[in-house]
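Protein chains in written order, with our numbering: chain A, 1 to 114; chain B, 1 to 115.
Simulated from the structure, these hints should not be mistaken for lab results.
Note that the coordinates shown come from a computational prediction; the quantities given were computed from them, not determined experimentally.
Possibly wrong hints are sitting among the right ones.
Said to hold, decoys possible - Each computed EDC-like pair below joins lysine to aspartate or glutamate, with the alpha-carbon atoms no more than 16 Å apart:
no., chain 1, residue 1, chain 2, residue 2
1, A, LYS101, B, ASP56
2, A, LYS101, B, ASP30
3, A, LYS78, A, GLU20
4, A, LYS49, B, GLU103
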Amino acid sequence: AQSVTQLDSQVPVFEEAPVELRCNYSSSVSVYLFWYVQYPNQGLQLLLKYLSGSTLVESINGFEAEFNKSQTSFHLRKPSVHISDTAEYFCAVIAYSSASKIIFGSGTRLSIRP
Amino acid sequence: DAGVIQSPRHEVTEMGQEVTLRCKPISGHDYLFWYRQTMMRGLELLIYFNNNVPIDDSGMPEDRFSAKMPNASFSTLKIQPSEPRDSAVYFCASSPGQGAISEAFFGQGTRLTVV
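The following block holds chain B by itself, in its conformation from the complex (with noise of 0.2 Å):
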């Protein structure tokens, strides 16, 4: 398996541009991941999934940030309209079925740069 999947790896927008992070988790994992990390703050989990359905989103910082899971292999993480604030690096991870505590697998990242 290429393991946990996100794209693009670098996106630089304006302030105010929707914004479209992308993830494909490993497949046959149950539970998808959306973390932030910034040098301020750290890393701060925004939202998870278990089987598509999301399960705690009390991390999204505001009605800017919207995340999706359509099916099991593909999700998206959306910040409409993006701020400079917003400039961090997203990361998507994903965990078979028993959750985080077998070992939660992270992509590459994708860096925001909001400009």
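The following block holds chain A by itself, in its conformation from the complex (with noise of 0.2 Å):
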């Protein structure tokens, strides 16, 4: 079975300052990773995934993930965040094996302080 576990519940930083969401997963065969974000009142949109290749994916909106496999980690940062990246983000794999079912960590709510 995978799991996912994300350390951080909340994480305030200012605006304009760097940040780091950690994410860290278990499971016993290879796994596609993947950021979701979640605006406020909203579903969940696809930030950034990690399927193949290059162990580090950028999102169009200056977000970088790096997948770590000795770590079994896949952390997101930003240099810079705005106040418009005020959200939660959830980190989420998915097993080679099961083409579909996505695992879900528990989220981080990133909150921005001008």
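Starting from two chains that each stand alone, build the complex the way the hints lay out.
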């Protein structure tokens, strides 16, 4: 079975400061990795994903995540956050053997202070 | 495409009543998922379908919950009888043929309150 751990339930940061949201996973098989974002009163949206190839993946709005197999991590980073990044961020995995069963972490609420 | 459409957006019902949540996936998507989100348990996968067939319902909490997908454009999640602990936001999501490794598109959710 797979599991996802997001150690930080809330991360407050100041605007224009860097941020890292941590994600660790556990799985006995290879997995695909995802970050989803949920803005207030909305459903989740895909932010970025790692399927194969380069271990560093980027989103269109400046976020990036790096797959680290040895540490079973997929931390999300942004060098300079904006007020509009205020949202809840979910790390997720799908096992290679289960092409569609997405397992989500508990989420990290990112709050940006002006 | 209007995206995944869920109805109603909000539902308040009394304990013991039957509740039916509805979902229209994105046209052409082969996979449909039902999730429940609560503060205590986060986002839980309840059940998912592939080509209208239930593939994994291991997340359905108990027999009071049932889900159907009579055709490619419609799915329901029913709770009968409802209980206060069922209060949550229920999300429906759909994915194209590659499944969720491509992208899961979520609806805006149904906020259910059972009093």
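Here is what the structure says about each hint:
1. A:LYS101 to B:ASP56: It holds: about 8 Å lies between the C-alpha atoms, which stays within 16 Å.
2. A:LYS101 to B:ASP30: holds (14 Å)
3. A:LYS78 to A:GLU20: Holds. A:LYS78 to A:GLU20 sits at ~7 Å (cutoff 16 Å).
4. A:LYS49 to B:GLU103: The given pair, whose Cα atoms are some 9 Å apart, holds under the 16 Å limit.
Against the hints set out earlier in the document, no violation occurs for any number.
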